[in-house]
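**Student:** Letter by letter, the chains look like this.
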Amino acid sequence: EVKLLESGGGLVQSGASLRLSCVASGFTFSDFFMDWVRQAPGKGLEWIAASRNKARDYSAVYSASVNGRFTISRDISQSILYLQMNTLKAEDTATYYCVRAHPCWYFDFWGPGTMVTVSS
Amino acid sequence: DIQMTQSPASLSASLGETVSIECLASEGISNSLAWYQQKSGKSPQLLIYAASRLQDGVPSQFSGSGSGTRYSLKISGMQPEDEADYFCEQSYKFPLTFGSGTKLEIK
Chain A
1 EVKLLESGGG
11 LVQSGASLRL
21 SCVASGFTFS
31 DFFMDWVRQA
41 PGKGLEWIAA
51 SRNKARDYSA
61 VYSASVNGRF
71 TISRDISQSI
81 LYLQMNTLKA
91 EDTATYYCVR
101 AHPCWYFDFW
111 GPGTMVTVSS
Chain B
121 DIQMTQSPAS
131 LSASLGETVS
141 IECLASEGIS
151 NSLAWYQQKS
161 GKSPQLLIYA
171 ASRLQDGVPS
181 QFSGSGSGTR
191 YSLKISGMQP
201 EDEADYFCEQ
211 SYKFPLTFGS
221 GTKLEIK
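Protein chains in written order, with the numbering used here: chain A, 1 to 120; chain B, 121 to 227.
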């Protein structure tokens, strides 16, 4: 059974850093593309970062809104996906979802999410 | 960026009614379109991918269609458990973008 479980969210001040983690199980982590998608309170979904699989050298892609501030990475040995978030802004306040992505970039499994609140 | 215009923003349907939700892409996306259902307080779940392919385990009352820039999700026979928010996503080009969502409620 595929499982994704995020952690690391919390309340931080504007300008601070935070690292989110996502423990994956039930599938071969290195074979799959993995992404982060966020959802501001009461709002829609926003894709923010992608990590391709081992065959694609785990190459990363970012949305313009987080490029240069956020970094997606993996610990393959522990099947953990990370999102390092620096220089956080109030507009980064959201629930952050770890998602498994098909090579055609649709998301077939989602974690329950972890909430990040950035106070200004 | 590809803009996804989703309509309607909200919809109220009676039990057993058939409803449709549409997404219009700002450019052609070659059927690279997925639909998700998000129930209150839960994470989204994939319903349809590649515009019309049903994800494993999703009831056949859900169906997707469309081509080019215009796509739709049809729910045949509204059930209480179908009350949720629905989102489309284009996966044709980065940045991946979502529609703004449709809130579906029971009348």
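It is worth saying that the hints were derived from the structure and are not from the lab.
Any given hint might turn out to be false.
[Said to hold, decoys possible] With a straight-line Cα cutoff of 25 Å, these simulated BS3-like cross-link-like pairs (lysine-lysine) come out: (1) B:Lys-159 / A:Lys-3; (2) A:Lys-43 / B:Lys-159; (3) A:Lys-54 / B:Lys-223; (4) B:Lys-213 / A:Lys-43; (5) B:Lys-227 / A:Lys-3; (6) B:Lys-223 / B:Lys-159.
**Student:** Give a verdict on every hint.
**Tutor:** Evaluation of the provided hints:
Between Lys-159 (chain B) and Lys-3 (chain A), the direct Cα distance comes to roughly 19 Å. Compliance with the 25 Å bound is thereby established for this hinted pair. Note on Lys-43 (chain A) and Lys-159 (chain B): the hinted pairing holds, with a Cα-Cα distance of about 14 Å set against a maximum of 25 Å. The hinted pair formed by Lys-54 (chain A) and Lys-223 (chain B) fails the criterion: a straight-line CA distance of about 38 Å is larger than 25 Å. With a C-alpha separation of about 22 Å, the suggested pair Lys-213 (chain B) and Lys-43 (chain A) falls inside the 25 Å cut-off, and the hint holds.
Simply put, Lys-227 (chain B) and Lys-3 (chain A) have alpha-carbon atoms about 35 Å apart, too far for the 25 Å limit, and the pair is violated. For the suggested pair Lys-223 (chain B) and Lys-159 (chain B), the alpha carbons sit about 10 Å apart, so the restraint of at most 25 Å is met.
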